[in-house]
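Trainee: Chains A and B, in that order, give the protein sequences. Numbering-wise, numbering that gives the first Met the number 0 puts 125 at position 126 of the first sequence, and it's gapless, one number per residue. Numbering-wise, numbering that gives the first Met the number 0 puts 35 at position 36 of the second sequence, and it's gapless, one number per residue.
Warning: the hint list may mix true and false statements.
Computed Cβ-Cβ distance ranges for the label pairs, DEER-style [as the list claims (entries may be wrong)]: (1) B:P243 / A:R73: 29 to 39 Å; (2) B:A7 / A:H217: 37 to 47 Å; (3) B:V51 / A:D192: 36 to 46 Å; (4) B:V264 / A:R73: 19 to 29 Å.
By construction, these hints were calculated from the structure, which means they are not laboratory data. None of these values were measured; they are calculated from a predicted model. Every residue gets a Cβ at the ideal spot worked out from N, C-alpha and C, and that includes glycine.
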Amino acid sequence: MNDMRILERDVDTNQIKIAARGVQVWYGDNHAIKDVDVDIQDRTVTAFIGPSGCGKSTFLRCLNRMNDTIDIARVEGDIRIDGEDIYDARVDPVQLRAKVGMVFQKPNPFPKSIYDNVAYGPRIHGMASGKAELDEIVEQALKRAAIWEEVKDRLTAPGTGLSGGQQQRLCIARAVATEPEVLLMDEPCSALDPIATAQVEELIDELRRNYSVVIVTHSMQQAARVSQKTAFFHLGNLVEYGETGHIFTNPEDPRTESYITGRIG
Amino acid sequence: MTDASLPAPSERRQHTSLIAPDARTRKRKAAEARFRMYGIAGIATGIFFLIVLLVSIVSSGAGAFQQTFINVPVYLDPAKLDKNGNRDPEEMSKVSTFGYSPLIQNALLNIVNEQSIETPLEKGGDMKALISASAAAQVRDVVLANPDLVGETVDFRILASSRVDGYLKDRVQREDVARDKNIDAEHLDLVDALLPVGVVEKTFNMAFITGADASESRAESAGIGVAMIGSFFMMLVVLVLSLPIGVAASIYLEEFAPKNRITDVIEVNIANLAAVPSIVFGILGLAVFIQFMHLPQSAPLVGGLVLTLMTLPTIIISTRASLKAVPPSIRDAALGVGASKMQAVFHHVLPLAAPGILTGTIIGLAQALGETAPLLLIGMVGFIASNAPDGLASGLLDPNSAMPAQIYEWAKRADPAFYERAWGGIIILLVFLITMNTIAVILRRRFERRW
Numbered sequence: 000m001n002d003m004r005i006l007e008r009d010v011d012t013n014q015i016k017i018a019a020r021g022v023q024v025w026y027g028d029n030h031a032i033k034d035v036d037v038d039i040q041d042r043t044v045t046a047f048i049g050p051s052g053c054g055k056s057t058f059l060r061c062l063n064r065m066n067d068t069i070d071i072a073r074v075e076g077d078i079r080i081d082g083e084d085i086y087d088a089r090v091d092p093v094q095l096r097a098k099v100g101m102v103f104q105k106p107n108p109f110p111k112s113i114y115d116n117v118a119y120g121p122r123i124h125g126m127a128s129g130k131a132e133l134d135e136i137v138e139q140a141l142k143r144a145a146i147w148e149e150v151k152d153r154l155t156a157p158g159t160g161l162s163g164g165q166q167q168r169l170c171i172a173r174a175v176a177t178e179p180e181v182l183l184m185d186e187p188c189s190a191l192d193p194i195a196t197a198q199v200e201e202l203i204d205e206l207r208r209n210y211s212v213v214i215v216t217h218s219m220q221q222a223a224r225v226s227q228k229t230a231f232f233h234l235g236n237l238v239e240y241g242e243t244g245h246i247f248t249n250p251e252d253p254r255t256e257s258y259i260t261g262r263i264g
Numbered sequence: 000m001t002d003a004s005l006p007a008p009s010e011r012r013q014h015t016s017l018i019a020p021d022a023r024t025r026k027r028k029a030a031e032a033r034f035r036m037y038g039i040a041g042i043a044t045g046i047f048f049l050i051v052l053l054v055s056i057v058s059s060g061a062g063a064f065q066q067t068f069i070n071v072p073v074y075l076d077p078a079k080l081d082k083n084g085n086r087d088p089e090e091m092s093k094v095s096t097f098g099y100s101p102l103i104q105n106a107l108l109n110i111v112n113e114q115s116i117e118t119p120l121e122k123g124g125d126m127k128a129l130i131s132a133s134a135a136a137q138v139r140d141v142v143l144a145n146p147d148l149v150g151e152t153v154d155f156r157i158l159a160s161s162r163v164d165g166y167l168k169d170r171v172q173r174e175d176v177a178r179d180k181n182i183d184a185e186h187l188d189l190v191d192a193l194l195p196v197g198v199v200e201k202t203f204n205m206a207f208i209t210g211a212d213a214s215e216s217r218a219e220s221a222g223i224g225v226a227m228i229g230s231f232f233m234m235l236v237v238l239v240l241s242l243p244i245g246v247a248a249s250i251y252l253e254e255f256a257p258k259n260r261i262t263d264v265i266e267v268n269i270a271n272l273a274a275v276p277s278i279v280f281g282i283l284g285l286a287v288f289i290q291f292m293h294l295p296q297s298a299p300l301v302g303g304l305v306l307t308l309m310t311l312p313t314i315i316i317s318t319r320a321s322l323k324a325v326p327p328s329i330r331d332a333a334l335g336v337g338a339s340k341m342q343a344v345f346h347h348v349l350p351l352a353a354p355g356i357l358t359g360t361i362i363g364l365a366q367a368l369g370e371t372a373p374l375l376l377i378g379m380v381g382f383i384a385s386n387a388p389d390g391l392a393s394g395l396l397d398p399n400s401a402m403p404a405q406i407y408e409w410a411k412r413a414d415p416a417f418y419e420r421a422w423g424g425i426i427i428l429l430v431f432l433i434t435m436n437t438i439a440v441i442l443r444r445r446f447e448r449r450w
């Protein structure tokens with residue numbers, strides 16, 4: 000862990016993008032998230048860390064209502080994006096998910112061509128009026144995901160034929176193609192080798208310029224490397240939330256300290 | 000942890016050689032070898048029975064694809080066929096097949112005399128046993144279609160009787176003939192004499208593949224063609240109804256329906272329906288489609304509806320299985336970029352499940368194609384000697400049989416010639432089933448290899 004880098008990291012003190020208050024999640028009888036309050040800032044990378052089963056992924060999936068697809072999941076509390084309650088009855092989760100993109104743990108490109116993978120979101124949201132415009136969107140998205148140079152000559156090749164790291168960057172391209180404002184990443188590097196991980200991390204740092212990025216990770220080093228804010232979850236509780244440098248060098252809660260030093264988890 | 004805390008190796012440990020196996024290992028190996036033997040024996044038994052089955056089907060049924068014909072020039076006597084001499088088909092149609100039979104018999108007798116074959120059969124009526132009962136109708140049809148032929152001598156290729164046909168296929172033996180009042184040894188002698196001169200010949204039997212069923216006394220002219228068309232229309236109904244209904248039901252149950260007690264009950268009942276005996280569907284079809292809805296009896300439409308009910312559970316189960324096999328990450332990916340549930344299903348899940356759905360559908364259709372029991376109850380089994388339908392409506396609504404029903408019908412008739420045709424029908428049915436299953440395999444391979 001490079002502590003010096005963390006301390007030097009500049010922290011944006013932008014306005015709050017997502018405000019969560021009193022969030023509770025149940026899976027059946029299992030109380031998975033207990034009363035979580037958190038403010039996620041715009042143009043910032045926020046890392047969720049914590050031991051397995053602590054609810055960090057569950058909380059992440061609340062932010063774009065992916066928990067709706069699980070029948071037994073029940074979400075209570077108040078989550079606002081730009082002041083709008085995303086669990087309001089009038090909110091269409093489809094629109095929400097276009098605004099809050101998501102990248103999953105395992106690279107999951109569609110079994111279609113690279114081009115179609117990226118173009119799918121813009122197509123269903125009617126973002127392009129013609130072929131030329133769609134080409135432009137696809138190229139921009141692939142460039143932003145730092146994979147354009149590698150795939151520009153084989154856009155018609157199947158996305159599933161790429162390497163793991165390329166697939167994950169393709170998934171990031173797919174997510175950014177719909178012009179989201181928030182990008183949720185659920186352990187995006189856990190299935191990748193160190194080189195691909197480094198590429199994706201570099202990319203996350205790039206993405207921070209335009210998006211509010213929330214990343215769930217098991218790797219504390221990764222959290223330290225890429226994030227400005229870190230939230231530590233334990234047994235469904237948000238134990239500590241603050242500047243990454245602060246959390247890793249001077250945690251306030253003894254549980255945080257135990258976790259980052261490897262005694263629990 | 001220190002070494003001191005480890006327990007010492009047991010006293011029972013003895014030095015064993017890796018080269019010489021001990022008793023336990025030998026026993027284990029023997030058990031494994033025995034188990035393999037059982038497996039091989041099981042497979043060998045299966046293959047043996049399969050070969051016996053195929054050989055017996057082919058050897059019993061191959062005869063149906065050959066038929067004995069008699070080539071005979073028939074003098075169409077105007078004195079018998081058109082007494083008034085005005086060639087009016089209306090009037091000529093009053094002469095029944097009884098008027099034509101003697102003409103054919105005499106024509107054959109003439110040939111016998113021309114060839115100077117010695118036979119005790121001297122009268123035209125003696126030739127009756129050689130000629131199919133359908134020959135007169137064949138000649139009559141030609142004459143009525145073309146009245147100007149009357150008065151001329153026309154070459155006809157008429158069916159030989161089933162006894163003659165059976166004699167040339169070794170089905171009728173000379174020792175059987177003594178007890179057979181339909182044919183005598185003299186007739187067989189005559190056939191033997193006519194065979195080398197080409198009057199009697201055995202050729203490929205196209206009429207069996209294209210023709211309609213025939214009555215008990217005319218086994219030689221029975222064909223499976225019309226029953227094939229009946230089966231085709233039934234399959235059309237089954238495909239058109241069960242594929243969309245089955246796929247829609249499975250998509251709803253698998254992707255949209257909430258998981259609660261009602262869907263659980265539905266799920267269990269679909270599995271149960273797949274195991275319901277097909278005759279139950281037949282009686283259901285009789286009660287609902289024929290007695291309540293008054294749809295025509297013996298119609299392929301009704302047969303298709305009944306088979307649809309029977310096939311639906313199979314299609315739903317296989318479709319749900321292939322939908323389940325699509326990785327959830329694909330659904331997540333689609334939902335994650337803002338696709339609606341329906342878009343996720345139709346753009347991503349369904350194309351991936353398509354090969355499985357197609358395979359399940361074709362297997363279901365193949366099952367339905369071979370189904371006989373439900374057809375018993377809606378009147379598609381029996382003597383239905385209809386002509387080939389001339390359109391979609393008549394194909395669906397006119398009485399017809401189906402291939403397995405036709406086979407069953409032939410198998411229970413008395414004349415061994417029908418028995419042979421039943422086996423021939425089985426060969427055709429098997430060819431259809433094997434073709435369908437092959438298509439299923441090819442489709443699955445092709446779609447699965449795409450990426």
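Trainee: Between P243 (chain B) and R73 (chain A), does the C-beta distance stay in 29 to 39 Å?
Mentor: Because 36 Å falls inside the window, the suggested range holds.
Trainee: Determine whether the Cβ-Cβ distance between V264 (chain B) and R73 (chain A) falls within the hinted range of 19 to 29 Å.
Mentor: For R73 (chain A) against V264 (chain B), whose Cβ atoms are near 24 Å apart, the range 19 to 29 Å holds.
Trainee: If you check the beta carbons of V51 (chain B) and D192 (chain A), does the distance land in 36 to 46 Å?
Mentor: 58 Å, violated
Trainee: Could one say that the CB atoms of A7 (chain B) and H217 (chain A) fall in the range 37 to 47 Å?
Mentor: Because 42 Å falls inside the window, the suggested range holds.
Hint compliance for this structure: hint 3 is the single one not met.
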